[in-house]
Amino acid sequence: MLTMSALLFSSCEKFLDTTPKDTLSPKGYFNTAAEAEVALAGVYDPLGKNSTYGRKLFFELDIADDSFVALSNWTQNVALFNYNPSDPDVTDLWVALYNAINRANVLLENLPRVQMDATRKKAIEGQALFLRGYYYFLLTNYWGDVPLRLSATSAVNDVNLKRAPYKEVYAQIVADMEKAAELVEPAGTYSYGSRVTQPVVWGILARVNLKMAGAPLRDASRFAEVVKWAGKVIDSKFHVLNPDYRDVFIRMCNGTYDIKETIWEVEFNRYNESQAEEGSVGVINGISANAEPYGYSYGAKHTTDYYFRQFKADLLTVNGVQISHSPDMRRDWTIGPYFYDAVSRDKVNYGLTSIYNRYDAKWRREYEKVETRFNGSSTINFPLLRYSDVLLMYAEADNEINGPRQEAIDYVNLVRRRAYGKLSAGESIKYIEVPANGGGSGYTIAPKVEIVGGGGIGAEATAAISGGKVVFIMLTNTGSGYTSAPSVVISSQDMGSGATARVVLTSKSSLVSDLQADQISGQEAFRQAIRKERSLELGYEALRRFDLVRWGDYISAMKNVANDILITAPSAYTYAARHGNNISARDTVLAIPSREMLLNKDARQNNGW
Amino acid sequence: MKYRNLKSDGLSVCRAIILSMLLFCFSVVAYSQNRLIKGKVSDIQGEALVGVTVQVRGAQKGTATDAQGRFQLNLSAGQNTIVFRYIGFEEKLVTVTDQETLNIVLSESSMMMEEAVVVGYGTVKRKDLTGAVGRVSIEDIQKAPVKTFDEALAGRVAGVQVTSSEGQPGSNINITIRGNNSITQSNYPLFVIDGFPFEGASDFPVNPLSTIDPNDIESIDVLKDASATAIYGARGANGVIMVTTKRGKVGKPLISYNAYYGFQENNKRISSMNPYEFVKLQFEIDPIRTNTLYFKNGKSLEDYRTVKGINWEDQVTRVAPMQNHYLNMAGGTEKTKYSASLSYTGQDGVLINSGFERMMGKLVLDQEVNDKLKVGINSSYSYVKNYGSPTSTSGYSNETNMLFSVWAFRPVAVDSTINLIDSPVDPEVEQGSNNTFNPVLTAQNELRENYGNSLVANAFAEYSFTKALKLKISGGINRGTRQADLFNGPFSRAGFLSNNAVSGSKTFSNSVGWQNTNTLNYTKRINKNHYFDLLGGFTAERGESSAFGAYAINLPNASLGLNGLDEGEANNITSYSSDWTMASFFGRVNYKLSDRYLFTATMRSDGSSRFQGKNKWGYFPSAAVAWQMDKEAFMKNLKFISTSKLRFSWGVTGNNAVSNYASYSALSTSNSDAGNSANNNPGYTFGGGYQNGLISVGIGNPDLRWESTRQLDLGYNLGLFKDRLNIEVDVYDKRTTDLLLNADMSPNTGYFRSVRNIGKVGNKGLELSLSYNPITRKDFNWTSSFNIAFNRNKVLALSDNQNYIVSAQNWGQDWQNVYGYVAMIDQPISQFYGLIYDGVYQYDDFIKVGGTYTLKNNVTANNASRASVQPGDVKYRDLNGDLIINEDDKTVIGNPNPKHTGGFSNNFTYKGFDLGIFLQWSYGNDIYNANRIMFESAYKYGYNQYDSYVNRWSPENQDSDIPGVQAIKGAGLKAYSSRIVEDGSFLRLKTVSLGYSLPKDLLSRIKVSSARVYVSAQNLYTFTGYSGYDPEVSVRNSALTPGFDFSAYPRARTITFGLTTSF
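Sequence lines, in order, name chains L and V.
The opening position of the first sequence corresponds to residue 0 in numbering that gives the first Met the number 0, with each subsequent residue numbered one higher.
The opening position of the second sequence corresponds to residue 0 in numbering that gives the first Met the number 0, with each subsequent residue numbered one higher.
Simulated from the structure, these hints should not be mistaken for lab results.
Given the structure is predicted, the values throughout are model-derived calculations rather than measurements.
One should not assume that every hint holds.
[Said to hold, decoys possible] Partner residues are not named here, just some residues of chain L that face chain V (Cβ under 8 Å, in silico):
id	residue
1	Asp16
2	Lys20
3	Asn30
4	Thr31
5	Ala32
6	Ala33
7	Lys48
8	Gln75
9	Ser85
10	Ser193
11	Asp493
12	Trp550
13	Gly551
14	Ile554
15	Glu595
16	Asn599
[Unchecked claim] Cross-link-like lysine-lysine pairs, in silico, PhoX-like; alpha carbons within 25 Å at most:
id	chain 1	residue 1	chain 2	residue 2
17	V	Lys251	V	Lys37
18	V	Lys939	V	Lys910
19	L	Lys531	L	Lys558
20	V	Lys615	V	Lys759
21	V	Lys279	V	Lys793
22	L	Lys259	L	Lys231
23	V	Lys613	V	Lys523
24	V	Lys279	V	Lys307
25	V	Lys630	V	Lys91
26	V	Lys124	V	Lys298
27	V	Lys334	V	Lys251
28	V	Lys630	L	Lys600
29	L	Lys20	V	Lys505
30	V	Lys251	V	Lys279
31	L	Lys600	V	Lys371
32	V	Lys60	V	Lys471
33	V	Lys505	V	Lys124
34	V	Lys721	L	Lys20
35	L	Lys13	V	Lys613
36	V	Lys60	V	Lys334
37	V	Lys279	L	Lys13
38	V	Lys466	V	Lys124
39	L	Lys26	V	Lys126
40	L	Lys121	L	Lys26
Ideal placement from N, C-alpha and C gives every residue a C-beta, glycine not left out.
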């Protein structure tokens, strides 16, 4: 019996050896270049989650003075600053970022043994290092001190980790990114903007240093680093501004790339007929729409009157209607001037009293290219670094070191000139007027309006009728490139006839786009001018809260805008002041999620929680 | 009711074999004759008894009754006393004078002390048991109109706690024996069906329990203490339930046909508000929106008083039929025995479009090849189908669970031309924030069907080298396949609202397993005082599971259903496989000294593929001793004591209930780290091309090892008045160490959970069973049994010097980080954790300035924003006095563990009538009625509420402690509170059965040997203070998160009319 047992035992050992069939083992992986690339995709992946740039980072977690959550029935949310530490948005962002960091750590630890081309291997290492730094950057921006994990979690009981002081976190971010700058590929290696290449690392290093120079670290010596890194991007001469501000975002919608302007973007796509790697860009924000024909949008992010007023505007009266014309085309692109009529699907302009109705319209699904636009998600990309941001960062840092210098002023003016259309040829339409007695007669439904000729493209307009006549033409897209006034073709949809209209073009040469003397008269004046310019140029790009916090202005700005809302908003929109009413000193950072607090014994909560 | 012929109470396989051997021996020696006695043996009802041992007292000679109950016996001169023995019946001595025929009536032994109990790899006489083994009364179970026996198990055996998570046909039934040992891993007992273990039976593609018709069961024995369970080693820690199905018996072919047909209904209603109350509430929440919607065109609130609203609950519930048909043919000769059954069970659910169906066929054949070799085969095939949308499992948003829409959907539309019953979504409400979806259309347009096929075949060969030494080799295979069909029609929630439009999937899951067991058994009696029974064995097992499924969306032709899957866009392919192996050696020694001192020792070593290296093998010993005091001289004088036995046992058992590869770290391109949505679709797009991503989804734990449970048991059996009254008491103490815990990882690790050996848990308890036979008369019989069990469960240690673990119930994304349960040291594994509800803020908590109420400085605010707190808001108790309610104010607010559970069964027979009444209870457990979080809170604008919310706080109703409508704006700390903790104690009139057996003489004329008609009811009435549908509820159940009620499928009351016959 004993012998038999012994025999059985030895054959048992083999019988009892099974290995996982459905997953791979780290020991058996990381052999080939392809395997390393797959692991690298896993490190990029968290950029495009619902909890990050898929939605939360530009919606719930970028609440600032330029917008509000227009879902009045929300009662408790991180966006309203009355959330709990167990809030899913707060938890999910934390979880996603640490997940990402562990993925980067696993790749970085295993990469050395991969047999592959050395250059490509360096590039992979650089991207992973940079991304780890970028995830830590987001973590410290949102939470301050955070646990700093620089190697893959190795054991199941390795769960307790103290929060490292933010100073230490920044030092690590800079070290990772500076090393990455040496490793990643140069600009132009790819025809698209979702890969991390040198200008991405340089530009983000500028942003990191800018943050370090501001709150909470306030290390002024970092401004020189901003100038250095932003300067590298500029001096590379690879990047230029897209002459048309609007086209920057249209390209994100339709999936063409502008790697000269948009240095780095999060890429969303539908990778076959039905499999989606999609985000909520243009879906949770954007112009509210039912599915057809533009693609569904909640339009849940509206502008504030305060932000609308920041843009230069002229009041005009056209056909008896007062309109606000902004020579700065960023206004009517960032803040949507129109909505889609629920019945006719026409674009209809908002009146001057309906500022709070206006949407964050930077990304419009009408430009999205995929067929069958999903209701809950889109393929629209989200920008992480644009060239204009680099120019403005350079100017901001240079001014902090040297006061206003011509080079910095030129960079700001370059951004402004583009905004005023001065980098592109031709004119846009300023307004369309119906001549006296030109309204025709017999219109019972609004005729279609087309704008043709004049050498330009893109202008769109909708007619408004009253008493059988066309009384007003609403300009919903000012177009570009017109060298002479185009003609307005009014096509009747019923028995109406006889309406005519004429176009008045802008006259760009007479516009003053550059900063005025008083704006560059001293360091403080120029500082304020740059700060304002960042808001105008980079609105709704998940940077406003970041900027306000590093300038130390976040809480006061939110309180101010809450007061402004109570004065300027119609009663139906006074709830927009909730954000500012609820915010308090603790809210420059988020609460450490309950899950971390309960499971990491060494974690400490942020103040005020 | 008692038909004691061929299908008497439990001739198990082994006893049948022993009996036939005896018969064989006796027939050989019965040759010398003096005179012949003939006769017939029957029971009290006159039924012939087959196989009764008929023996001449003091002599070896004897015989057994044949299939008609007849016998012949030759008596030598001077022999005049004949002994009749039959298992389960009182022994009878008859003195023969000069008669030639004897008609003997045997009466049943009052209790079952003589019956054989099925234990691991053998059987043992009940009186020789050294361990704690409970027997389920099969007759009682078979009276309950249930489709599977586990539904009728609750309250039958002391210490076996059975809770079904909700009332849906086929929903999970949670069984724990002597408390939870494990915190996150399975506490489900090991089921041994006809000798073959099924670990985690409820996780099989086709649950083996659901493939058995209760009519087909011969016996169910529950092994509770370590002495009994340690022979199952690594899988014995949660207790073992031995299920033995019927085999053929010697006798003429007997055909039985049993059938019932009945109805189920949900007899409890939870009403939502009527149109008037609903509109009034809407107005209070948001007058502006309500004015524009409900009060347009001059309508006022009063106009809604007369409107008849839709009762959605009535729309989705029904009276549902249930039926069962069971046909069996069994019989055999001494050499060959057979049993064949065919069964059909159909049960519709009380919610529309849900139900259960089963068809089963089974064949058992036993053959004695020669006097050394016996072989047998047992095979069964089952088809099991259950269908219907689960009502409580939707996780992303709790608002998408079906009953949410039943209760929350508006009772009335403003525009009278709108028929809400036909509208998928409410056409008058803003869709972005309203998640209700027509529940009737949901039920009608969502297909959720599972079809399972299960094939089980096992066989044995037993070879007797000598009378004492036997080798038994057995082997079995089981194969289960399940097809899960899912289809979202055009008017289902997903089909109507989601990007995927009409979509569907088919998923096939397979499991294949084989087992081989070889045992050598040696029994020896050395003179009168020493008896040995030695068993040694080896088993090897392997299990494999796999799944494949395909999901397609945007199906163009919905009318084709799943047949049109190929026309849609392929979306998601599931492919998966997994395997495990186990090899074990075991041995058992039973030693009986002087017929009164019993000793049992067992040892098992298990090797499992789930662990690595030296952790693969585990060793599980046990020892037990029992003392049959009634055999001692000092007890012999106490005539009223018929049984007195003291037992003590000690042993160690294990639990290896982790996933097959839990100890390995894992990289994957898809998320297998359940619960961590950050890992979904881990790829990225570069330049429009999608690149798969590979991520680390499991950290792996190579040090993982068995969880082991040490158990002590002290038991005492007392039988009085010839065992008419039996009392069994057991106390036990279990301690589980190296707990397998699927522990939450802190998020900074980048992992969600990992399985670790952590901490200790203790369970202590007392079990008491009484059975009594107060009246036994020829035409009136009353038997009664009662059991009660007390278990105290305690966490003794956790990892990393943790003092507690908190757990969340993931019943919606917004609740997944709200921890509502806590496991604390020296406290039960799970307790409710949250805030103490202190009513609502009243006016005197505020200072009124103008029209605004500002909270007084010394009054605690319910969240960080003091200014938002208003009269009528939720008020919580500020435990630390810091004037703000936050996580620090959470405490234990309830205990979901019952203080005691039990059952009380009474059976009466009077002439042809029989009546069975079974009561079951649970006392002292709390329930989270999470429905009230949503439906007694003015949860959101546009949603209806329970009609109990009419009595909410308002300036006119300040005495109410239900928060007013302001509470939805006040946004107190999101937490569970004592407001929704309810006492879940109940006493249930669980089974009542009234039958009438038709008279024999009447039946014999139509060639029917027996027939009984009956009416039977299940869940007839429940005494409880619980306000939800049913207090037996635990949706999304786990050891850490029990007693949770949200959108639970209601439990049906069943009444059936049935017939049992045999020919």
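Query - Agreement of V:Lys60 and V:Lys471 with the hint, judged by alpha carbon distance not exceeding 25 Å - result: Violated, at roughly 30 Å.
**Report entry** Given pair status - V:Lys124, V:Lys466, alpha carbons within 25 Å
**Finding:** Holds. V:Lys466 to V:Lys124 sits at ~19 Å (cutoff 25 Å).
Requested in this report: Against chain V, run the beta carbon of L:Asp16 and see if the smallest gap drops under 8 Å.
Outcome: holds, 7 Å
Query raised in the report: Is V:Lys279 close enough to V:Lys793, meaning Cα to Cα at most 25 Å?
Result: Violated: V:Lys279 and V:Lys793 sit about 49 Å apart, past 25 Å.
**Report entry** Straight-line alpha-carbon gap L:Lys259 to L:Lys231, limit 25 Å
**Finding:** holds, 14 Å
Query raised in the report: Can L:Lys48 be said to touch chain V, with a Cβ gap under 8 Å?
Result: Hint holds; L:Lys48 Cβ to chain V Cβ min 7 Å, cut 8 Å.
Report task. Under 8 Å, Cβ to Cβ, is where L:Thr31 needs to be relative to chain V, so tell me if that hint holds or is violated. Result -> Not OK, violated: L:Thr31 not within 8 Å of chain V, min 12 Å.
Query raised in the report: Given L:Asn599 as an interface hint, is the shortest Cβ-Cβ distance to chain V below 8 Å?
Result: holds, 4 Å
Requested in this report: Quickly compare the C-alpha distance for V:Lys251 and V:Lys37 to 25 Å and report which way the hint goes.
Outcome: holds, 20 Å
Report task. Sort out whether V:Lys523 lies within 25 Å of V:Lys613, counting only the CA atoms. Result -> violated, 38 Å
**Report entry** When the least beta-carbon distance from L:Ser85 to chain V is tested against 8 Å, hint result
**Finding:** With Cβ-Cβ at 4 Å, under 8 Å, it holds.
**Report entry** Satisfaction of the L:Ala33 interface hint, Cβ to chain V closer than 8 Å
**Finding:** violated, 10 Å
In terms of the numbered hints stated before, the structure departs from hints 3, 4, 5, 6, 11, 12, 13, 14, 18, 21, 23, 26, 28, 30, 31, 32, 33, 34, 37, 39, listed from lowest to highest.
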